[in-house]
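Colleague: So you can see what is in the structure, the chains are spelled out below.
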Amino acid sequence: MFISRFRVNTARSGARRLLSSPQPLHAAVMSSFPGILPSDRPAPAAPRVLWRLDQRSRAEVLLHIVSPDRPDLTHLVEQAGWPAAADPANPGWQTRPYTPLLDRLGAGDRWEFRLTANPVHNIRRKEGEPRKTTAHLTPTHQMGWLLDEKRQQRLGFRVCEKPAERRLLPEGTTHHRRPHPGDRYELTVRDTRSLSFTKSRDPGSSQGRQVTVVTATFEGRLEVTEPDALRRALTQGVGRARAYGCGLLTLAPVAHPAPRTP
Amino acid sequence: MSVLVLRLAGPLQSWGASSRFTRRTTESAPTKSGVVGLLAAAAGIERGDDERLAPLAALRFGVRIDQPGTRIRDFQTAHHGVTGTSMPLSERFYLADAVFVAAVEGDHALLSELHAALHAPAYPPFLGRRSCPPAEPLVLQLHEHADGIEDVLRTTPWQAADWYRRRHRPPDHLTVLREASGGESIETADLLRDQPVSFDAGRRLHAPRTVVTDPVPVPIPAGGDPRYAHDPFTALDSLEEESA
Chain A
1 MFISRFRVNT ARSGARRLLS SPQPLHAAVM SSFPGILPSD RPAPAAPRVL WRLDQRSRAE
61 VLLHIVSPDR PDLTHLVEQA GWPAAADPAN PGWQTRPYTP LLDRLGAGDR WEFRLTANPV
121 HNIRRKEGEP RKTTAHLTPT HQMGWLLDEK RQQRLGFRVC EKPAERRLLP EGTTHHRRPH
181 PGDRYELTVR DTRSLSFTKS RDPGSSQGRQ VTVVTATFEG RLEVTEPDAL RRALTQGVGR
241 ARAYGCGLLT LAPVAHPAPR TP
Chain B
1 MSVLVLRLAG PLQSWGASSR FTRRTTESAP TKSGVVGLLA AAAGIERGDD ERLAPLAALR
61 FGVRIDQPGT RIRDFQTAHH GVTGTSMPLS ERFYLADAVF VAAVEGDHAL LSELHAALHA
121 PAYPPFLGRR SCPPAEPLVL QLHEHADGIE DVLRTTPWQA ADWYRRRHRP PDHLTVLREA
181 SGGESIETAD LLRDQPVSFD AGRRLHAPRT VVTDPVPVPI PAGGDPRYAH DPFTALDSLE
241 EESA
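Those sequence lines, one after another, are chains A and B. Counting from 1, one number per residue, gives the positions in the first sequence under UniProt numbering. Counting from 1, one number per residue, gives the positions in the second sequence under UniProt numbering.
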C-alpha cells in the first residue's frame, strides 16, 4: 500500500475543472494507475484506491491518495500542478509506502484521525413507502452515524471520550438527559458539503444522471480495538461514495494537547 | 492562595458600575459586582442573602482586556406586557464581540466550591445583563498554588477569537485592571463604586474599591489552531525516526 500527497495549484484552469466536481477528479486519480482499467470493477473485499481533498484555505488544497499500487501523477502535475518546478528527484507529489504504518497498528493505540465520509441511513418517510438512502444533514446525526456501536466495531476502533473536566455538560448529557455526542466524545464535524454533479452518460441513457452526495469531515481521536479491522477500514474505505472522495481515513500521532471546543 | 480564572466572551456584554435612571452605561471591562454576582448566582446565593455574599465579595478581583470589543447603543422602547402602557424610553449600552479574562483570588476551599458550582450552576450565568449569555465555557482554570492574580493574568494565554487574530496584529500590551494588593500604595489607583455589599432588590448597595491599571505583554500561545494541522505523513515520519 502507498500513501501519496499532491498539492493542487488552484491558479490553473485545469485545477478549477478538477475541483468543480468529484467526477473528473475521480477519473484523474484513477488514471494514475496503469494497472487499473476503467472497465474494472473493484473487488468488494480488496484494498482499493481512496482519495480525499483537504482544503485548508483557497490556495492550500491537498489531495491525499491511498492505493495498493504506486501512482504516477504526472498528468495531474501537468494539468493542475507546477510542471516547470518538477524534476526527477521531486516530481511534484510525494508517495510513501503505507504498509509499515499498517503493520504497526496495535490494539489500544491512540491516534488523531481525519475522515471525510458520506453518512447516510435508509428510511421511509411513511408507512408502505420503499426505503430510500438519505443523507444525515446535521452534525449531531452525522456524529451519531460514526459513533454507531456496530459501525465502530466493524471499523476496528472506538472514538475516545473526553475527560470529565473538558466537558461542558455534566454527565455528557443535555439538561433533558439526552446524550450529546459533541460534548462527550473527542470528535468534531469540520465541514458539511453537498456535492451535486452530473454523472457522465451511462451507456444506455442519453441524459446524464444527477448525483447528490453529502459529505462530512470528521476529526477526532480514536483508540484501536481490532487492528485487523482498522487495517481493512484504512485500505478499503469507510461508508459510501468512495469513488467521490469519501471514505479515506487517515491517522496522525497524538502530539498536541486536545483541541479546544469550538 | 488560589486563583480562579474565567473567560468572559459573548456576542454582547454589559457591565454597568455607575448607571442611574434610563441611561444604562457599560464600563469597558467587567466589573467586580458583575462577576461576583455571576459566581453568587452559580452557587445559588439568593439576592437578599448578604451573609453568604460577604466571602465572595471579599475575593480580590482582576480582569484583563483581551479583545476590547465595540461599544454599541441600544435605544429601547418597551411597552408593559400586561397594561400596554409605554415604559420610559431608555438607552442601554453594550460591548459587542469582547473577550475578557477575569480572575478572583482567595481561599482554595471557597474557590473550588465556586469552580464546581460554575459547572452545574443554580442560576444561569450571564455577562452583566440577563440578556447577555456567555458564548464560551466560563471556567478557564483553577490555579491552586498561584502567586496572585497579577501573575495569573500575566501568564494566561491571549484569548482573543480566531477571526480577531487574523484581522489584527497582536497588540503591544494588554490592559489589566485589578484591585490593589494589601501592601501596595494606592495613591495612583482609581476608585470605582463597584464593591458589592448587597444585591437585595430593595436596597442594592456598592462600596468603592481600588482599580490599578497595569499593562502586561501579550502572552501568545504557540502556533495557530492545531485542529487544522492533521497531516497523515507525520505518522510515517515518526515511524522512520523510531526505526532509524
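Watch out, some of these pointers could steer you wrong.
[To be verified] Only part of the chain A face toward chain B is listed, based on derived beta-carbon distances under 7 Å:
{"#": "1", "residue": "L101"}
{"#": "2", "residue": "P181"}
{"#": "3", "residue": "V213"}
{"#": "4", "residue": "A252"}
[To be verified] If you want the ones that stay clear, here's a sample from chain A, every Cβ over 12 Å from chain B, calculated:
{"#": "5", "residue": "V66"}
{"#": "6", "residue": "D69"}
{"#": "7", "residue": "R96"}
{"#": "8", "residue": "P100"}
{"#": "9", "residue": "H121"}
{"#": "10", "residue": "R125"}
{"#": "11", "residue": "A135"}
{"#": "12", "residue": "T140"}
{"#": "13", "residue": "T212"}
{"#": "14", "residue": "T217"}
{"#": "15", "residue": "L248"}
[Said to hold, decoys possible] Label-pair ranges, simulated between beta-carbon atoms:
{"#": "16", "chain 1": "A", "residue 1": "E60", "chain 2": "B", "residue 2": "I220", "range": "19 to 27 Å"}
{"#": "17", "chain 1": "B", "residue 1": "G81", "chain 2": "A", "residue 2": "P179", "range": "57 to 65 Å"}
{"#": "18", "chain 1": "A", "residue 1": "T138", "chain 2": "B", "residue 2": "T210", "range": "44 to 52 Å"}
{"#": "19", "chain 1": "A", "residue 1": "S21", "chain 2": "B", "residue 2": "E113", "range": "56 to 64 Å"}
{"#": "20", "chain 1": "A", "residue 1": "H141", "chain 2": "B", "residue 2": "A120", "range": "39 to 47 Å"}
{"#": "21", "chain 1": "A", "residue 1": "Q55", "chain 2": "B", "residue 2": "S238", "range": "24 to 32 Å"}
{"#": "22", "chain 1": "B", "residue 1": "I72", "chain 2": "A", "residue 2": "H141", "range": "30 to 38 Å"}
{"#": "23", "chain 1": "A", "residue 1": "P34", "chain 2": "B", "residue 2": "I220", "range": "44 to 52 Å"}
{"#": "24", "chain 1": "B", "residue 1": "R204", "chain 2": "A", "residue 2": "A59", "range": "50 to 58 Å"}
{"#": "25", "chain 1": "B", "residue 1": "G81", "chain 2": "A", "residue 2": "E223", "range": "22 to 30 Å"}
{"#": "26", "chain 1": "A", "residue 1": "A164", "chain 2": "B", "residue 2": "I72", "range": "36 to 44 Å"}
{"#": "27", "chain 1": "B", "residue 1": "V218", "chain 2": "A", "residue 2": "K199", "range": "48 to 56 Å"}
{"#": "28", "chain 1": "B", "residue 1": "S131", "chain 2": "A", "residue 2": "D103", "range": "57 to 65 Å"}
{"#": "29", "chain 1": "B", "residue 1": "I220", "chain 2": "A", "residue 2": "R12", "range": "52 to 60 Å"}
Just so you know, the hints here were simulated from the structure itself, not pulled from any lab data. Quantities reported herein were computed from a predicted structural model and do not represent experimental measurements. A virtual CB, placed ideally from N, CA and C, is assigned to each residue, including glycine.
Colleague: All the hints need checking, so say for each whether the structure fits it.
Modeller: Comparing the hints with the structure gives:
no.: 1; hint: L101; verdict: holds, 6 Å
no.: 2; hint: P181; verdict: violated, 17 Å
no.: 3; hint: V213; verdict: violated, 22 Å
no.: 4; hint: A252; verdict: holds, 5 Å
no.: 5; hint: V66; verdict: violated, 9 Å
no.: 6; hint: D69; verdict: holds, 18 Å
no.: 7; hint: R96; verdict: violated, 5 Å
no.: 8; hint: P100; verdict: violated, 6 Å
no.: 9; hint: H121; verdict: holds, 27 Å
no.: 10; hint: R125; verdict: holds, 36 Å
no.: 11; hint: A135; verdict: holds, 24 Å
no.: 12; hint: T140; verdict: holds, 19 Å
no.: 13; hint: T212; verdict: holds, 27 Å
no.: 14; hint: T217; verdict: violated, 10 Å
no.: 15; hint: L248; verdict: violated, 9 Å
no.: 16; hint: A:E60 <-> B:I220: 19 to 27 Å; verdict: holds, 23 Å
no.: 17; hint: B:G81 <-> A:P179: 57 to 65 Å; verdict: violated, 37 Å
no.: 18; hint: A:T138 <-> B:T210: 44 to 52 Å; verdict: holds, 50 Å
no.: 19; hint: A:S21 <-> B:E113: 56 to 64 Å; verdict: holds, 58 Å
no.: 20; hint: A:H141 <-> B:A120: 39 to 47 Å; verdict: violated, 28 Å
no.: 21; hint: A:Q55 <-> B:S238: 24 to 32 Å; verdict: holds, 25 Å
no.: 22; hint: B:I72 <-> A:H141: 30 to 38 Å; verdict: holds, 37 Å
no.: 23; hint: A:P34 <-> B:I220: 44 to 52 Å; verdict: holds, 50 Å
no.: 24; hint: B:R204 <-> A:A59: 50 to 58 Å; verdict: holds, 56 Å
no.: 25; hint: B:G81 <-> A:E223: 22 to 30 Å; verdict: violated, 54 Å
no.: 26; hint: A:A164 <-> B:I72: 36 to 44 Å; verdict: holds, 38 Å
no.: 27; hint: B:V218 <-> A:K199: 48 to 56 Å; verdict: holds, 53 Å
no.: 28; hint: B:S131 <-> A:D103: 57 to 65 Å; verdict: holds, 58 Å
no.: 29; hint: B:I220 <-> A:R12: 52 to 60 Å; verdict: violated, 36 Å
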